[in-house]
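In case you want the letters, here they are:
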Amino acid sequence: MTSNSNKNLHMIDTTIYFKVFGLLLILTIVTILQPIVFHTDLRNTYAIQMLISFTKVALVVSYYMHIKGSKPFYKLMVFGTTALLFSMYVLIAIDTYARHTNNDIFK
Amino acid sequence: MGKVTAYEPEIIFDKQGNPHEVVDWDHDYEGAKLGFWVFLLTEMMIFGSLFLIYAFYSYQHGAQFSASSIHMNRLLGGTNTFILLISTLTMGLSLAKLRNGHVEVCKKYIWATIVLAAIFLAIKAAEWMLEIEEGFYPGSPSADLAALGHGGKLFFGLYFTLTGLHGVHIIVGIGVMFWLLSLINRGKVSPENFVVLENTALYWDFVHIVWIFVFPIFYLIY
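Residue numbers (our numbering), protein chains in the order written: chain A, 1 to 107; chain B, 1001 to 1222.
The set of hints was computed from the structure by calculation and includes no laboratory data. Hints are not guaranteed to be accurate.
As the list claims (entries may be wrong) - Derived pair list, reagent style BS3-like, types lysine-lysine, alpha-carbon separation capped at 25 Å:
(1) 1033/B - 75/A
(2) 68/A - 1033/B
(3) 1033/B - 71/A
(4) 19/A - 1107/B
(5) 1108/B - 19/A
Said to hold, decoys possible - Label-pair ranges, simulated between beta-carbon atoms:
(6) 38/A - 1188/B: 48 to 54 Å
(7) 1046/B - 42/A: 25 to 31 Å
(8) 1055/B - 38/A: 21 to 27 Å
These figures come from a predicted structure and were not determined experimentally. Where is the CB? At the ideal position from N, CA and C, for every residue including glycine.
Full structure from sequences and hints, please.
Below, the structure is given as structure tokens:
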């Protein structure tokens, strides 16, 4: 018996690492330039910055963390946890929006 | 006299369905990977909760958060963003090189990641010192901080909490990479047995992901 269960995995092509790095680099430059080139109000700045950030995270998780080629179970685990965290954000957002306003159900 | 039970080996199966006995802690590839992902997801919840606190207070003190962001050092923060981005590449390449059998090249990439992580920490320390000198820290008697109101105090409180916790993760990462190098030197991590390096790379990617959110919400909302 061998001690390792993962002996037969394929060789890794490093080209994808450099391609993803190039995309991340471009997105990072866009992140820094956005407030200078396209200065807008706080709400829009958050929206643009978060859009860029989530795109970068999707690239890192998919390619650098190998979720794209992983078993469905790992994908489910990552997306499930993200959905759980997102639901917390939605619940708090509803509460934050409604608290001390006419929409406040506890008033 | 105690009851004597027969030895029952722990068996794992590879992708071809062949059985293998688990004889050491790092021999169960799937178990090690799954366990580490669970750990990373708990980390995601910790940082996610801190980002949630940030979002809550940012909604309540938006103008003061924006005014506080003007005082951040974007040159140092931006430099650190590029350093962490490059370190993620070197970490990923170290795994690829080990998997492809190039052990010495893999070690060089791990060393490069350690050096980049140390530079990141040095820059972050310098940045903290500058901010503390200017009076932008929790509990500071500075008039500049007082002028930013309650939102300013919350902003810098969250900034030091988040970047501090992130810095602790960088320090832990450096320690793990040194341990990893010793495992490679002793042949415990090899092109056939690489799960420790794979998990370290996952950890480093997570540290990068946290910074992807930290950088814009503190430095770029001015």
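To see whether the hints hold, each was checked on the structure:
1. At most 25 Å may separate the alpha-carbon atoms for a hinted pair to count; residue 1033/B and residue 75/A meet this at roughly 13 Å.
2. Annotation: proposed proximity of residue 68/A to residue 1033/B holds, straight-line Cα distance about 15 Å (limit 25 Å).
3. The straight-line distance between the Cα atoms of residue 1033/B and residue 71/A is roughly 12 Å, inside the 25 Å bound, and the hint therefore holds.
4. Distance check on the hinted pair: residue 19/A and residue 1107/B sit about 22 Å apart at the alpha-carbon level, within 25 Å; holds.
5. With a C-alpha separation of about 21 Å, the suggested pairing of residue 1108/B with residue 19/A holds against the 25 Å cut-off.
6. Here the CB-CB span from residue 38/A to residue 1188/B is close to 51 Å, well matched to the stated 48 to 54 Å.
7. As the Cβ distance of residue 1046/B to residue 42/A is approximately 26 Å, the hint placing it in 25 to 31 Å holds.
8. A hinted range of 21 to 27 Å holds for the C-beta pair residue 1055/B and residue 38/A, which are about 22 Å apart.
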